[in-house]
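There are 2 protein chains.
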Amino acid sequence: MKYKPGKHIIAEFKTTDNKLLLKSHSFKVLIDSLVSSLDLSKVGEVYHDFEGGGYTAVVCLTESHLSVHTWPEFEMITFDVFLSNYLKENDDKVEQIFNSVHDYFNPIEVKRTTLNR
Amino acid sequence: MKYKPGKHIIAEFKTTDNKLLLKSHSFKVLIDSLVSSLDLSKVGEVYHDFEGGGYTAVVCLTESHLSVHTWPEFEMITFDVFLSNYLKENDDKVEQIFNSVHDYFNPIEVKRTTLNR
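As given, the protein sequences belong to chains A and B, one line each in that order. Last residue of the first sequence: number 216 in the numbering used here, and the count goes up by one each step with no gaps. Last residue of the second sequence: number 216 in the numbering used here, and the count goes up by one each step with no gaps.
No lab work stands behind these hints: they were computed from the structure. Quick caveat, the model's predicted, so the values are computed rather than measured. Among the clues, some could well be false.
Repeated chains share a single entry, so a pair holds when one copy, or any two copies, can fit it.
[Claimed, not checked] Cut-off 25 Å, straight-line C-alpha distance, at most; resulting in silico cross-link-like pairs (SDA-like, lysine to any residue):
(1) LYS187 - LEU129
(2) LYS122 - ASN184
(3) LYS141 - LEU121
(4) LYS101 - PRO206
(5) LYS210 - SER135
(6) LYS103 - THR114
(7) LYS122 - PHE149
(8) LYS187 - ASN198
(9) LYS141 - ASP116
(10) LYS127 - THR213
(11) LYS187 - SER123
(12) LYS141 - VAL128
(13) LYS103 - GLY151
(14) LYS101 - THR213
(15) LYS118 - ASP190
(16) LYS210 - GLY143
(17) LYS118 - VAL142
(18) LYS103 - SER132
(19) LYS141 - MET100
(20) LYS187 - THR161
(21) LYS103 - HIS147
(22) LYS101 - THR115
(23) LYS101 - VAL142
(24) LYS122 - GLY143
(25) LYS101 - TYR185
(26) LYS101 - VAL134
(27) LYS118 - LEU214
(28) LYS127 - TYR154
(29) LYS101 - SER132
I would like the entire structure built from these sequences, with the hints used as guidance.
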């Protein structure tokens with residue numbers, strides 16, 4: 100493929116800080132803060148909290164998207180973020196978002212895949 | 100990580116059928132049909148059509164998510180679909196969705212990454 104859209108990080112976190120996995124509110128605050136400070140453009144989002152705890156969310160950006168899904172019963176989170184470099188170079192921002200989300204969940208185990216798509 | 104949530108396919112397509120990349124409407128019809136026929140649960144979605152053509156979309160499922168972003172100027176699509184196996188085994192459905200979206204865009208070039216997360 101000639102055109103290379105951008106960097107996509109796909110990660111699994113295991114944490115012992117299980118209360119962070121129950122409700123999406125604080126995660127949304129973090130993401131809104133990142134979107135604002137990194138000058139990204141959100142065009143929509145879905146945050147869905149499951150009864151009994153756990154949440155699933157996607158945030159749609161003009162630059163692409165990010166998603167999170169939590170499994171409190173397994174103390175596990177899946178997260179991914181993909182930003183295209185169409186109008187400006189965003190690879191550093193992908194790393195910044197990954198690092199902030201990583202630190203938020205305070206994981207004891209991390210599995211990370213990086214795709215330069 | 101002890102818990103293995105499920106399969107995630109991440110793909111880039113190059114097509115010469117550029118009109119499919121301009122507006123999201125027909126793609127949404129396809130996805131709604133797949134969500135229904137595969138008995139998945141949509142909890143929200145964002146479809147954003149850019150002025151001048153091209154679209155970006157995310158669909159949030161209780162089973163996880165899918166996303167698409169199109170670049171008509173490069174005749175290129177990025178697509179990914181991730182379904183967890185939490186309540187039932189969904190690996191086959193990930194393949195079915197991938198195959199349907201692949202056929203929809205009628206690509207002349209495909210790059211596919213499969214993660215068993």
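So, going through the hints one by one against the coordinates:
1. For a Cα distance limit of 25 Å, the shortest separation of LYS187 from LEU129 inside one copy, 23 Å, qualifies, whereas the shortest one across copies, 31 Å, does not.
2. Within a single copy, LYS122 and ASN184 get their C-alpha atoms only as close as 32 Å, which misses the 25 Å cut-off; across copies the closest is 21 Å, which meets it.
3. For the homomeric pair LYS141 and LEU121, the shortest alpha-carbon distances inside one copy (24 Å) and between copies (20 Å) are both at most 25 Å.
4. For a Cα distance limit of 25 Å, the shortest separation of LYS101 from PRO206 across copies, 14 Å, qualifies, whereas the shortest one inside one copy, 37 Å, does not.
5. Taking the shortest alpha-carbon separations for LYS210 and SER135, neither the intra-copy value of 27 Å nor the inter-copy value of 32 Å comes in at or below 25 Å.
6. Proximity of LYS103 and THR114 under a CA criterion of 25 Å is satisfied inter-copy only: 15 Å between copies versus 33 Å inside one chain copy.
7. In this homomeric assembly, LYS122 and PHE149 come within 25 Å of each other (Cα to Cα) only inside a single copy, at 8 Å, whereas the closest approach across copies is 32 Å.
8. Within a single copy, LYS187 and ASN198 get their C-alpha atoms as close as 20 Å, which meets the 25 Å cut-off; across copies the closest is 32 Å, which misses it.
9. Taking the shortest alpha-carbon separations for LYS141 and ASP116, neither the intra-copy value of 28 Å nor the inter-copy value of 28 Å comes in at or below 25 Å.
10. Taking CA atoms no more than 25 Å apart as the test, LYS127 paired with THR213 passes inside one copy only; the shortest distance there is 23 Å, against 28 Å between copies.
11. With identical chains, the CA atoms of LYS187 and SER123 are at most 25 Å apart between copies only, with a shortest distance of 24 Å across copies and 30 Å within one.
12. For the identical chains of this complex, LYS141 and VAL128 are neighbours both inside a copy (14 Å) and across copies (23 Å), given an alpha-carbon limit of 25 Å.
13. Taking identical chains as interchangeable, the C-alpha atoms of LYS103 and GLY151 lie at most 25 Å apart only when they sit on different chains, with a minimum of 21 Å there against 41 Å within one chain.
14. Taking the closest pair of Cα atoms, LYS101 and THR213 come within 25 Å of each other both inside a single copy (19 Å) and across two copies (21 Å).
15. For a Cα distance limit of 25 Å, the shortest separation of LYS118 from ASP190 qualifies neither inside one copy, at 31 Å, nor across copies, at 29 Å.
16. In this assembly of identical chains, the alpha carbons of LYS210 and GLY143 never lie at most 25 Å apart, being 28 Å within a copy and 27 Å across copies at closest.
17. In this homomeric assembly, LYS118 and VAL142 come within 25 Å of each other (Cα to Cα) only across copies, at 23 Å, whereas the closest approach inside a single copy is 29 Å.
18. Taking identical chains as interchangeable, the C-alpha atoms of LYS103 and SER132 are never at most 25 Å apart, the minima being 28 Å within one chain and 30 Å between chains.
19. Taking the shortest Cα distances, LYS141 and MET100 never come within 25 Å of each other, neither inside one copy (27 Å) nor across copies (32 Å).
20. For the identical chains of this complex, LYS187 and THR161 are intra-copy neighbours only, at 12 Å inside a copy versus 33 Å across copies, given an alpha-carbon limit of 25 Å.
21. For the homomeric pair LYS103 and HIS147, the shortest alpha-carbon distance between copies (21 Å) is at most 25 Å, but the shortest distance inside one copy (32 Å) is not.
22. Taking identical chains as interchangeable, the C-alpha atoms of LYS101 and THR115 lie at most 25 Å apart only when they sit on different chains, with a minimum of 14 Å there against 43 Å within one chain.
23. Taking CA atoms no more than 25 Å apart as the test, LYS101 paired with VAL142 passes in neither setting, with 27 Å inside one copy and 35 Å between copies.
24. For a Cα distance limit of 25 Å, the shortest separation of LYS122 from GLY143 qualifies both inside one copy, at 19 Å, and across copies, at 17 Å.
25. In this assembly of identical chains, LYS101 and TYR185 lie within 25 Å of each other by CA distance solely inside one copy; the values are 13 Å within and 37 Å between copies.
26. In the homo-oligomer, the alpha carbons of LYS101 and VAL134 never lie at most 25 Å apart, since the shortest distance is 29 Å inside one protomer and 32 Å across protomers.
27. For the homomeric pair LYS118 and LEU214, neither the shortest alpha-carbon distance inside one copy (30 Å) nor that between copies (27 Å) is at most 25 Å.
28. Proximity of LYS127 and TYR154 under a CA criterion of 25 Å is satisfied in both settings, with 11 Å inside one chain copy and 24 Å between copies.
29. In this assembly of identical chains, LYS101 and SER132 lie within 25 Å of each other by CA distance neither inside one copy nor across copies; the values are 34 Å within and 32 Å between.
Violation of the numbered hints given earlier is confined to hints 5, 9, 15, 16, 18, 19, 23, 26, 27, 29; the remaining hints are satisfied by the structure.
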